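Could you build the full structure based on these sequences and the hints that come with them?
Listed here are the chains, written in short residue letters.
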Amino acid sequence: MIDYEKYLNDRIKSVKPSGIRKFFDIANEMDDVISLSIGEPDFQTPWHIRDEGIRTLEKGRTWYSPNRGFMELREEISKYYARRYGVSYDPKTQTLVTVGGSEAIDLAFRALVQKGDEVIIPEPSFVCYEPLTVMSGGTAVIINTKNEDRFRLKAKDLEAAVTPKTKLLVLPFPNNPTGAIMEKEDLEEIAQVVIKNDLIVLSDEIYSELTYGKNSHISIASLDNMYERTIVINGFSKSYAMTGWRLGYALGPAPIISQMTKLHQYGIMSAPTTAQYAAVEALRNGDGDVERMRDEYDMRRRLVVDGFNAMGLSCFEPLGAFYVFPCIKSTGLTSEEFCTRLIMKKHVAVVPGTAFGECGEGFVRVSYSYSLDHLKIALERIKEFLEELHNGN
Amino acid sequence: MDKLLRILSADSGFTTAQLAIMLGEPEDYIKAQIKEYESKGIIKGYQALINRDELSNGGVEALIELRVTPKKETGFDEMAERCMEFDEVESVYLMAGAYDFALIVRGDTMQDISMFVAKKLSTVDGVLSTSTHFIMRHYKDRGKNLINFNDKSDGRNLIL
Chain A
-19 MIDYEKYLND
-9 RIKSVKPSGI
1 RKFFDIANEM
11 DDVISLSIGE
21 PDFQTPWHIR
31 DEGIRTLEKG
41 RTWYSPNRGF
51 MELREEISKY
61 YARRYGVSYD
71 PKTQTLVTVG
81 GSEAIDLAFR
91 ALVQKGDEVI
101 IPEPSFVCYE
111 PLTVMSGGTA
121 VIINTKNEDR
131 FRLKAKDLEA
141 AVTPKTKLLV
151 LPFPNNPTGA
161 IMEKEDLEEI
171 AQVVIKNDLI
181 VLSDEIYSEL
191 TYGKNSHISI
201 ASLDNMYERT
211 IVINGFSKSY
221 AMTGWRLGYA
231 LGPAPIISQM
241 TKLHQYGIMS
251 APTTAQYAAV
261 EALRNGDGDV
271 ERMRDEYDMR
281 RRLVVDGFNA
291 MGLSCFEPLG
301 AFYVFPCIKS
311 TGLTSEEFCT
321 RLIMKKHVAV
331 VPGTAFGECG
341 EGFVRVSYSY
351 SLDHLKIALE
361 RIKEFLEELH
371 NGN
Chain B
26 MDKLLRILSA
36 DSGFTTAQLA
46 IMLGEPEDYI
56 KAQIKEYESK
66 GIIKGYQALI
76 NRDELSNGGV
86 EALIELRVTP
96 KKETGFDEMA
106 ERCMEFDEVE
116 SVYLMAGAYD
126 FALIVRGDTM
136 QDISMFVAKK
146 LSTVDGVLST
156 STHFIMRHYK
166 DRGKNLINFN
176 DKSDGRNLIL
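These protein sequence lines map, in sequence, to chains A and B. Note that this note's numbering numbers the first sequence so that position 16 is -4, with each residue one more than the last. Note that this note's numbering numbers the second sequence so that position 103 is 128, with each residue one more than the last.
Source of the hints: derived by calculation from the structure; they are not laboratory data. Hints are not guaranteed to be accurate.
Just the calculated beta-carbon pair ranges, DEER-fashion [stated by the list, open to error]:
| hint | chain 1 | residue 1 | chain 2 | residue 2 | range |
| --- | --- | --- | --- | --- | --- |
| 1 | B | Gln136 | A | Glu367 | 29 to 39 Å |
| 2 | B | Asp27 | A | Asp5 | 38 to 48 Å |
| 3 | A | Ile(-8) | B | Asn76 | 44 to 54 Å |
As a list, the in silico BS3-like pairs of lysine-lysine whose alpha-carbon atoms are at most 27 Å apart [claimed, not checked]:
| hint | chain 1 | residue 1 | chain 2 | residue 2 |
| --- | --- | --- | --- | --- |
| 4 | A | Lys242 | A | Lys95 |
| 5 | A | Lys147 | A | Lys164 |
| 6 | B | Lys28 | B | Lys56 |
| 7 | A | Lys95 | A | Lys164 |
| 8 | B | Lys97 | B | Lys144 |
| 9 | B | Lys56 | A | Lys194 |
| 10 | A | Lys242 | A | Lys59 |
| 11 | A | Lys363 | B | Lys56 |
| 12 | B | Lys28 | A | Lys356 |
| 13 | A | Lys363 | A | Lys2 |
| 14 | A | Lys356 | B | Lys69 |
| 15 | A | Lys134 | A | Lys164 |
| 16 | A | Lys147 | A | Lys95 |
| 17 | A | Lys356 | B | Lys169 |
| 18 | B | Lys165 | A | Lys356 |
| 19 | A | Lys194 | B | Lys28 |
| 20 | B | Lys144 | B | Lys96 |
| 21 | A | Lys194 | A | Lys59 |
| 22 | A | Lys(-4) | A | Lys145 |
| 23 | B | Lys56 | A | Lys356 |
| 24 | A | Lys147 | A | Lys134 |
| 25 | A | Lys326 | B | Lys169 |
| 26 | A | Lys356 | B | Lys60 |
| 27 | A | Lys(-14) | A | Lys(-4) |
Since we're looking at a predicted model, the values are computed, not measured. Cβ atoms here follow ideal geometry from the backbone N, Cα and C, with glycine treated the same way.
And the structure:
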């Protein structure tokens, strides 16, 4: 027998696998689960975008793209960021097309973080930041954002977490799983701390188009003196319902992008060609689709937030992404108990808040990336569950 | 079409309270809007969408193409009115193209519909010809899929 343990990389071994697999396995085995657990759009990619992909396949455009992505696409991305968020990036040196936003995040960590570096990560947040820090040899410093702050990152908490070793701040807003956003004033306070302490910001803006209310998303890169210390991550998955196409990008200072490009070049070569052609079409003619989907999400968001508050699970109004993050502490159950019982008794799947960091205890993530019909049934079942819980069943 | 009508046309089962929340408007405003649409005849009713293919006694439907001679004074309206009077007729549409009216006709059996066409419809003064097409299966109706070709899942996977 071979002892594989001795071959495996200790650093990789030390990374824990995602804790909620077990829970997902239960959900996958059940037949009639009403799921509110999925973190991707329920919309299909708009037809004209799919059609462009098909057209280029028919024409046989099936070769590698340049390492950084097609110039045409990088130009469109650059125009898009200027048009939507008021920041300009040079398509030649400051733009890198990647396999989803996820690859871009991975590259940024590997290009920047090394042994001895501290990376500040606000939680609850998407699951990849801490493992990537560890895999790069750095140390993750977690900041717990709070319900009473509507899960925004507060400058004083950031200030308290900074040490001379801090190199990178992850800014994951609009946030998965809380739906929190950062408004201009919030970002300005954060920027002050970042500049004072000479940090770099990794701004994961993958949900930027899904921002509700009167103001649209603000990129921290658009603030004074932040452009030069921000790496922006974005992509097509959430805004254009293109998750399966696997296409994202990084924008930032040329010296950083150039190191990331090296990693991308040797590890990946280039992002999928068909997806890139489709993405050009998305950026050129997809504004209407984005608006239509945002409108639809917004309607669902209002319905779901109100539904949870009405059934006594208090829920701050999330202004971003497609998640609500109700507090379930009033049930006396832990997040995991709540989710397990809910799925066993009512066949409704939501994700324990603890999947996104320890401070997610007492909360659950509910995705409203589902049809109104589906959401209505799910809310009804959760309400029954709470009533039965209350009556001691 | 405004958002309120769009929601209602897909699903009229929302309460006015829910509609108010979804649209971010006061409930009174929603109630008034709906009342106005009803009184103006824009909202004509609220019906359940029934998949008759699932019923053993769901009956039969046919689409009938009708060619007619329009009247000098009233054009096609008089014929439309005549067709609307038949209980068997579900829908009446004036068409552009190779024929003048499309009717959706419902009966308990194919025989019922055949008799209706032969005895009642084709004998109406001004009807030049009819062409009857029986509907064999309903796949999608008023924007809703009646048949789900995918299995239970919507194709998305749980990943994290």
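Taking the hints in turn, this is what the structure says about them:
At roughly 52 Å, the beta carbons of B/Gln136 and A/Glu367 sit outside the given window of 29 to 39 Å. Roughly 44 Å separates the CB atoms of B/Asp27 and A/Asp5, a value that falls within the hinted 38 to 48 Å. For the pair A/Ile(-8) and B/Asn76, the beta carbons lie near 53 Å from each other, so the given range of 44 to 54 Å is met. Between A/Lys242 and A/Lys95, the direct Cα distance comes to roughly 20 Å. Compliance with the 27 Å bound is thereby established for this hinted pair.
A distance of roughly 23 Å separates the Cα atoms of A/Lys147 and A/Lys164; the hinted pair therefore holds under the 27 Å criterion. For the given pair, B/Lys28 sits about 14 Å from B/Lys56 by alpha-carbon distance, which is consistent with the 27 Å threshold. As the CA atoms of A/Lys95 and A/Lys164 are separated by approximately 33 Å, the hinted pair breaks the 27 Å bound. Restraint check for B/Lys97 and B/Lys144: the C-alpha separation of about 26 Å stays at or below 27 Å, so the hint holds.
A C-alpha spacing of about 25 Å is found between B/Lys56 and A/Lys194, which places the hinted pair at or below 27 Å, so the restraint holds. Only pairs whose Cα atoms come within 27 Å are accepted, and A/Lys242 paired with A/Lys59 is accepted, the gap being roughly 24 Å. Distance check on the hinted pair: A/Lys363 and B/Lys56 sit about 26 Å apart at the alpha-carbon level, within 27 Å; holds. About 18 Å separates the Cα atoms of B/Lys28 and A/Lys356, which keeps this hinted pair within 27 Å; it holds.
Our distance criterion of 27 Å between C-alpha atoms is met by A/Lys363 and A/Lys2, whose separation comes to about 25 Å. Between A/Lys356 and B/Lys69 the CA atoms are separated by roughly 25 Å; this keeps the pair inside 27 Å, and the hint holds. Taking the CA atoms of A/Lys134 and A/Lys164, the gap is about 13 Å. The hint holds against a cut of 27 Å. Of the supplied pair hints, the one linking A/Lys147 and A/Lys95 holds, its CA atoms being roughly 11 Å apart against a limit of 27 Å.
At most 27 Å may separate the alpha-carbon atoms for a hinted pair to count; A/Lys356 and B/Lys169 meet this at roughly 17 Å. Of the pairs offered as hints, the one joining B/Lys165 and A/Lys356 holds, with about 22 Å between alpha carbons and a cut-off of 27 Å not exceeded. Simply put, A/Lys194 and B/Lys28 have alpha-carbon atoms about 18 Å apart, close enough for the 27 Å limit, and the pair holds. Taking the CA atoms of B/Lys144 and B/Lys96, the gap is about 22 Å. The hint holds against a cut of 27 Å.
Pair hint A/Lys194 plus A/Lys59 holds up; C-alpha atoms about 23 Å apart against a cutoff of 27 Å. Our distance criterion of 27 Å between C-alpha atoms is met by A/Lys(-4) and A/Lys145, whose separation comes to about 24 Å. Between B/Lys56 and A/Lys356 the CA atoms are separated by roughly 21 Å; this keeps the pair inside 27 Å, and the hint holds. A threshold of 27 Å between alpha carbons decides the hint, and for A/Lys147 with A/Lys134 the separation of about 18 Å falls inside it, so the pair holds.
With a C-alpha separation of about 26 Å, the suggested pair A/Lys326 and B/Lys169 falls inside the 27 Å cut-off, and the hint holds. Straight-line distance between C-alpha atoms of A/Lys356 and B/Lys60 comes to about 24 Å, which keeps the hinted pair within the 27 Å bound. A distance of roughly 18 Å separates the Cα atoms of A/Lys(-14) and A/Lys(-4); the hinted pair therefore holds under the 27 Å criterion.
When each numbered hint is compared with the structure, violations occur for hints 1 and 7.
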